[in-house]
Amino acid sequence: MKQVALAIVIFYVLPLEVQAIGAVDLYEAQVPVSNQTPEEQARAVKEAFQKVLLKVMGNRRTLARAPLALLLEKSSSLVQKFRYNASDEENGAATFWVRFDPLGVEQLLRQKALPVWGQVRPILLLWVAIEEGRHRYLVDADGNLPAAEILEEQAGVRGMPVILPLWDLEDRSQLSFSDIWGNFPEPILAASKRYPASVQLVGRLSRQSEDDWQARWTLYGVDKARDWRVNGEFEQVLRAGIDKSVDTIAAQIVPATGNNSLSSVQVRVTGVTSFMDYARLFSYLSSLSQVITMEPVQLSRAEAKFRLELRGKAEGLATSIRFGRVLVRATEGMGTNIEPNHMELNYRLLP
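Going by this note's numbering, the residue at position 13 of the sequence shown is 13; the numbering climbs one at a time, nothing skipped.
Hints may be right or wrong, so weigh each one.
Unchecked claim - Dumping the calculated DSS-like pairs for lysine-lysine here, alpha-carbon to alpha-carbon at most 30 angstroms: (1) Lys313 to Lys51; (2) Lys112 to Lys81; (3) Lys74 to Lys244; (4) Lys305 to Lys244; (5) Lys224 to Lys244.
Calculated from the structure, these hints are not laboratory results.
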């Protein structure tokens with residue numbers, strides 16, 4: 001009991017670094033406005049709220065089926081702060097930025113039995129190769145290419161953290177344009193290990209005519225590799241790659257409808273050797289959208305056990321953890337039943 005109390009004290013006293021990589025701000029949006037009248041502001045609030053709903057719910061199909069009109073009616077009451085940004089020289093449009101109350105948004109969605117996807121999300125690594133006539137190139141983190149800007153912008157629209165590879169000597173020693181173009185999974189996944197991403201998106205874009213492009217996309221790291229093709233304008237096919245990826249990932253982590261049923265599970269984690277490990281583990285588990293409450297059951301020098309109250313089933317929690325880079329499944333397997341209707345999940349804490 002003293003170990004539990006001491007761990008909790010240290011958790012609350014020590015300044016902890018929040019899980020920065022993989023955490024995104026879902027509750028703010030920016031939209032263009034023509035003026036600052038009350039009517040225009042009311043319109044802008046609803047437009048921005050619809051963008052926030054897409055990020056929080058995670059899936060375009062889920063949003064399409066939601067009672068959107070009823071949700072938008074509540075948007076003005078959930079505004080936390082806002083500001084107008086002056087027009088810039090590039091596009092000449094003024095913008096309206098607004099942040100909504102996170103707790104209020106989540107409560108509204110749960111009242112309507114709609115899903116809520118939390119702020120800690122899998123990171124998507126983007127391996128993209130482009131062929132434009134005889135010109136072939138790779139999209140990297142430092143090239144300032146239009147493709148990189150479009151991909152990162154659309155990821156922001158969907159509330160998805162992404163990484164573009166460096167394509168430095170280390171990357172090029174393991175991977176080439178031909179590997180990406182041929183979509184060879186072994187070298188792609190091997191080169192991906194240096195990056196803190198659990199899901200990989202491989203894109204191969206080729207120009208068919210002046211305004212017609214074909215993109216072939218493959219998503220790795222989900223339950224099984226997913227392939228699809230898109231034809232259209234350059235920006236359109238790039239955004240489609242991000243959209244389909246986020247929809248696929250969200251469908252595996254959050255149910256299509258909000259799950260108001262509750263369950264409990266015990267999580268056992270080995271490799272916990274310091275109070276900072278305890279704190280990092282506690283912070284990570286409590287950040288997952290399925291977790292309502294956490295209670296320490298056992299803290300020892302080698303492992304930690306927590307009792308978690310969940311929204312939905314333990315399988316949903318296990319899926320979220322699988323997409324993360326904090327815990328890895330222990331050799332004991334998925335889990336064992338420790339008592340009727342209660343499961344224990346076994347993991348090891350990564351460094």
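Quick rundown of the hints versus the structure:
no. : hint             : in the structure
1   : Lys313 to Lys51  : 28 angstroms, holds
2   : Lys112 to Lys81  : 24 angstroms, holds
3   : Lys74 to Lys244  : 29 angstroms, holds
4   : Lys305 to Lys244 : 37 angstroms, violated
5   : Lys224 to Lys244 : 14 angstroms, holds
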